[in-house]
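Could you put the whole structure together from the sequences, leaning on the hints where they help?
Quick mapping for you: the protein sequence lines, in order, are chains R and L.
Take the first sequence: its position 11, counting from 1, is numbered 476 in our numbering, and each next residue is one higher.
Take the second sequence: its position 64, counting from 1, is numbered 1453 in our numbering, and each next residue is one higher.
Simulated from the structure, these hints should not be mistaken for lab results.
It cannot be assumed that every hint is accurate.
Said to hold, decoys possible - Here are the computed lysine-lysine pairs in the PhoX-like style, where the Cα-Cα straight-line distance is at most 20 Å:
| id | chain 1 | residue 1 | chain 2 | residue 2 |
| --- | --- | --- | --- | --- |
| 1 | R | K536 | L | K1392 |
| 2 | L | K1491 | R | K501 |
| 3 | R | K487 | R | K501 |
| 4 | R | K474 | R | K506 |
| 5 | L | K1459 | R | K509 |
| 6 | R | K484 | R | K505 |
| 7 | R | K506 | R | K536 |
| 8 | R | K501 | L | K1427 |
| 9 | R | K517 | R | K532 |
| 10 | R | K506 | L | K1427 |
| 11 | L | K1392 | R | K509 |
Since we're looking at a predicted model, the values are computed, not measured.
Single-letter residue listing:
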Amino acid sequence: DTAVSQTPKYLVTQMGNDKSIKCEQNLGHDTMYWYKQDSKKFLKIMFSYNNKELIINETVPNRFSPKSPDKAHLNLHINSLELGDSAVYFCASSQESTGSYGYTFGSGTRLTVV
Amino acid sequence: AQKVTQAQTEISVVEKEDVTLDCVYETRDTTYYLFWYKQPPSGELVFLIRRNSFDEQNEISGRYSWNFQKSTSSFNFTITASQVVDSAVYFCALRRRSNDYKLSFGAGTTVTVRA
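Right, dumping it as structure tokens:
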């Protein structure tokens, strides 16, 4: 069983389109994240939700909107896609209430905007 | 603010050589956690180790070992007798124990092991 699963794995779309990436975790974790990895492999946090509440919202354009319908899901919707949005997006989860501070990452979604 | 520096961008070795990856961190917190992740060519992020700031014991796991030194704010990673399968990007990361949950990554070190 996949612990943190993201769909789709690859996404190619045109500038200006709106797209969503879905993430689900079956670990029972209470916190989920979105990280962005740019072309130079640099990883940076975008958002974090703890028990469906937004905890971290880094300097991310308003075109990016996360949604957490429940503790096991954290989706990322991107409006009006731009060339600079091309990157690999990783979903992750952790269990914060027990202080384990261990992060499990999904396999990533490679977004290419053309 | 917290920061992780991996000064080595790329390292290339021949199989069976040892390779050490440097990680230097900055934080004002007294309690914090340090991590190493491996990203093989397939792209996923694989957890290798977590170390909290209270525990300065070095750790060994098979061919992998970690040297944590608070005095120099370093958490270095050594692969002994490297193998081709060790070829990957390795990331060092830091998080505070506060409620910001943020994992701050270094820029990564690309390790290439040649047969």
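Quick rundown of the hints versus the structure:
| no. | hint | verdict |
| --- | --- | --- |
| 1 | R/K536 <-> L/K1392 | violated (29 Å) |
| 2 | L/K1491 <-> R/K501 | holds (13 Å) |
| 3 | R/K487 <-> R/K501 | holds (14 Å) |
| 4 | R/K474 <-> R/K506 | holds (17 Å) |
| 5 | L/K1459 <-> R/K509 | violated (25 Å) |
| 6 | R/K484 <-> R/K505 | violated (23 Å) |
| 7 | R/K506 <-> R/K536 | violated (28 Å) |
| 8 | R/K501 <-> L/K1427 | holds (16 Å) |
| 9 | R/K517 <-> R/K532 | holds (8 Å) |
| 10 | R/K506 <-> L/K1427 | holds (12 Å) |
| 11 | L/K1392 <-> R/K509 | holds (12 Å) |
Hint compliance for this structure: hints 1, 5, 6 and 7 are broken, all remaining hints hold.
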